[in-house]
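Position chain G against the provided structure of chain S, taking the given hints into account.
Read off the chains here:
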Amino acid sequence: MLGYYLQLALRTLRRNIILTSLIIAAVGVGIGAYMTVLTVLIAMSGDPIPDKSTQLFVPQIDVWGPNTRPKGTTGDVRLPPQFTYRDVTAFMQAHAAPRQAAMYPVGLDVTPPSGIPYSQTGRATYRDFFAMFQVPFQSGAAWSVKDEADRADVVVLGKTLAARLFAHSSAMGQTVSLGGRLYRVTGVLDAWSPMPRFYDVVNGNAFGSVEDFFIPFTTAIGHQMQTNGNYNCAALPPSGWSGRLSGECIWFGFWAELPDAAAVRTYRQYLNNYSAEQRRLGRFHWPPLVQLSNVHQWLALMRVIPDEVRVNSLLAFGFLTVCLVNAVGLMLARFSARASEFGVRRALGATKSDIFLQCLTETAVVGVLGGILGLALTALGLAANRASLGSIADSVTRLFHLDPAVIAFTVALAVGATLCSGLYPTWRATRVQPAGQLKAQ
Amino acid sequence: MLKMTHLSKVYRTEVVETYALRDFSIHVKEGEFVAVTGPSGSGKTTFLTIAGLLEEFTGGQYQLDGADVHGLNDNQRSRLRNQKIGFIFQSFNLIPDLNVFDNVDVPLRYRRLPGAERRKRINEALERVGLSARAKHYPAELSGGQQQRVAIARALAGGPRLLLADEPTGNLDTQMARGVMQLLEELHRDGATIVMVTHDPELAARAQREVRIVDGQVIDLAAQTRLVETPAPRPPV
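So the protein sequences, as listed, match chains S and G. Numbering of the first sequence is given in this note's numbering, commencing with residue 1 and proceeding in unit increments. Numbering of the second sequence is given in this note's numbering, commencing with residue 1001 and proceeding in unit increments.
Don't read these hints as lab results, they were simulated from the structure. No residue lacks a Cβ here, since even glycine has one placed at the ideal position from N, Cα and C. Some clues are possibly wrong.
Below, computed lysine to any residue pairings styled on SDA-like, alpha-carbon distance capped at 25 angstroms [what the hints assert, rightly or not]: (1) S/Lys352 - G/Arg1161; (2) S/Lys352 - G/Arg1111; (3) G/Lys1136 - G/Glu1117; (4) S/Lys352 - G/Gly1115; (5) G/Lys1136 - S/Leu10; (6) G/Lys1120 - S/Gln7; (7) G/Lys1120 - S/Gly3; (8) S/Lys352 - G/Pro1160; (9) S/Lys352 - G/Tyr1062.
Which bits of chain S does chain G cover? Going by a derived footprint, with three or more residues having C-beta under 8 angstroms, they are [stated by the list, open to error]: (10) 7-18; (11) 345-352.
If you want the ones that stay clear, here's a sample from chain S, every Cβ over 10 angstroms from chain G, calculated [what the hints assert, rightly or not]: (12) Arg184; (13) Trp192; (14) Arg197; (15) Pro287.
Only chain S is shown next, with the shape it has when bound in the complex:
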């Protein structure tokens, strides 16, 4: 009978093309708006490192004390999101976590063997960065512990920069001119683009591209490289590079890999002890206050997904609901107009279930067509998003695309939502009394 219902549905939809179009438009526009916003929300709230997102932690300590502490928007305590040089150096030396890496963003001019220099973004960090964040290598590997100790001029190139510099040969073992110094290439990364770029959401552009190169933290400090990111001080630091390093200015990120709850407890204790020690030393004048956030907690704490996106998704859901309510009204009108047909069918032997399934099939067909329209509108909406964000963040735009999962979900949502909204009109249709068809004459 399903084939018969389908055949009837297509025939009826064709016969009432205006009303049908209105219902499909109502469903399609609602689905399109909702899916556009939902796709953006899902893309932005994906887990950037699913295997380890609960094992990677950002520590926070109360570097500046309660008087200068940034106020959280909800009134809760918000500790500084970065560290001083003194703190990250202490953390690295303590080695309280199996893997750990201090880091900060740098910018250097790359001078190709032939051609003019161009500016590239990089990251100064420790070699654990690569293993900790599961960074894939195309060739080579991270620099060695000795390189870090020796402050060697070594570099790991991103895939794009390596291809740009060494289009016809292997980059391994070659040297690259960065900021006027020659760095030996120890490794070249494979494609890697965690979204959001969780390890550096403090310096803005959480959805930006991964850096073009990575150099040892110690090397960057040795070369007195300025940060390319945020640099905040509670008080004016002493002058000069040594002043920058010794002052209470925060400009370093720090991540630790803590594989289990015991490791987290131990590390928290370490942070408390460290803070208490700083207090004893007269640096901190307040009780220890520490925080450890895993990737999810950190992204939430730093409000990586803008509130606007969440609000938009709620608004879009409201809009979808309004569209579906309209669709309910239109379907009621449509089925009411066909009460005599349902009455005749009942008189000729159709059961209530037959009428219910006939109407439901028709509703599902409308849902599928609404879903197809919704898909087209979603594609348009995402294209509009790409166009509006393209100049700001190229890498964000690639998040907004219709993959098979999104397509399937959109159509399923359209059919599901339409079926739900069609239940009441369908139920009404089954209530048509066949006797009325005789008595109405």
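Using the frame of chain S, we list chain G on its own:
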């Protein structure tokens, strides 16, 4: 074929009870052609809807083709209606979105017959009413008389035990009405059991016998047993 005994149908509101049928008894035998007449509001259509299992009755007994229909649920009534009863409505009640072939197909679909069997029955029914050539036409493309013939074909296609016709010529002009009436008479001659509700005394006279309903009751029980072929002797003038 159709036997109602002391049947009643009451419509109740909060303040009033209205008897549409009261102590209503009728017996239609297999192969009979019975005309049911009566003034407007007398209960003719209520009788027809109850006879066609479109409506439940309040009291009494109703046996259709030997089976008591009291207490059947909605699905059972639908199935029985589909298998045993063919309806012919005053305003044809064809489905405008379906062509002639598909309109006749409707009751067969609900009987879940296989495609070949359905096609055979539809073609035979259309042949019977002389509309084979119009199978692909839509109702709007047919005259009133042709539409009623389609409705008759639809009623016949399922091979029902009982044909219920509600003012089958009420919406037709005289010529078309004559054609439809001739068709019903032919069906009767071929063995169909027909119960026809009508206002028209001429049409009623062409039935095998006439049952008159007034105020929800059959008023002349003798008429139920008097066959048209054997009229009671008239008194000498």
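Status of the hints after comparison with the structure:
Taken as a hint, the S/Lys352 and G/Arg1161 pair is honoured in the structure, with Cα atoms around 23 angstroms apart against an allowance of 25 angstroms. For a cut-off of 25 angstroms, the pair hint linking S/Lys352 to G/Arg1111 stands: about 14 angstroms separates their Cα positions. Annotation: proposed proximity of G/Lys1136 to G/Glu1117 holds, straight-line Cα distance about 19 angstroms (limit 25 angstroms). For a cut-off of 25 angstroms, the pair hint linking S/Lys352 to G/Gly1115 stands: about 23 angstroms separates their Cα positions.
Between the alpha carbons of G/Lys1136 and S/Leu10 the distance comes to roughly 18 angstroms, so the proposed pair stays at or under 25 angstroms and holds. Between G/Lys1120 and S/Gln7 the CA atoms are separated by roughly 20 angstroms; this keeps the pair inside 25 angstroms, and the hint holds. Using a Cα cut-off of 25 angstroms, the hinted pair G/Lys1120 and S/Gly3 holds, with the two alpha carbons roughly 20 angstroms apart. Proximity of S/Lys352 to G/Pro1160 is assessed by CA-CA distance (about 21 angstroms); at most 25 angstroms being required, the pair is judged to hold.
Of the supplied pair hints, the one linking S/Lys352 and G/Tyr1062 holds, its CA atoms being roughly 23 angstroms apart against a limit of 25 angstroms. Proximity of the segment 7-18 of chain S to chain G, defined as three or more residues with a beta carbon under 8 angstroms from a beta carbon of that chain, is established by the 4 residues found. Residue count for the segment 345-352 of chain S with a Cβ under 8 angstroms from a Cβ of chain G: 8. That meets the three needed, and the coverage hint holds. Every CB of chain G is more than 10 angstroms from the CB of S/Arg184 (nearest about 78 angstroms), matching its label as outside the interface.
Non-interface status of S/Trp192 relative to chain G is upheld: no Cβ of that chain comes within 10 angstroms, the nearest being about 58 angstroms off. Annotated as non-interface, S/Arg197 keeps its C-beta farther than 10 angstroms from every C-beta of chain G; the closest such distance is 57 angstroms. Even its closest Cβ contact with chain G, about 75 angstroms, leaves S/Pro287 beyond 10 angstroms, as expected for a residue assigned away from the interface.
Of the numbered hints given earlier, the model fails none.
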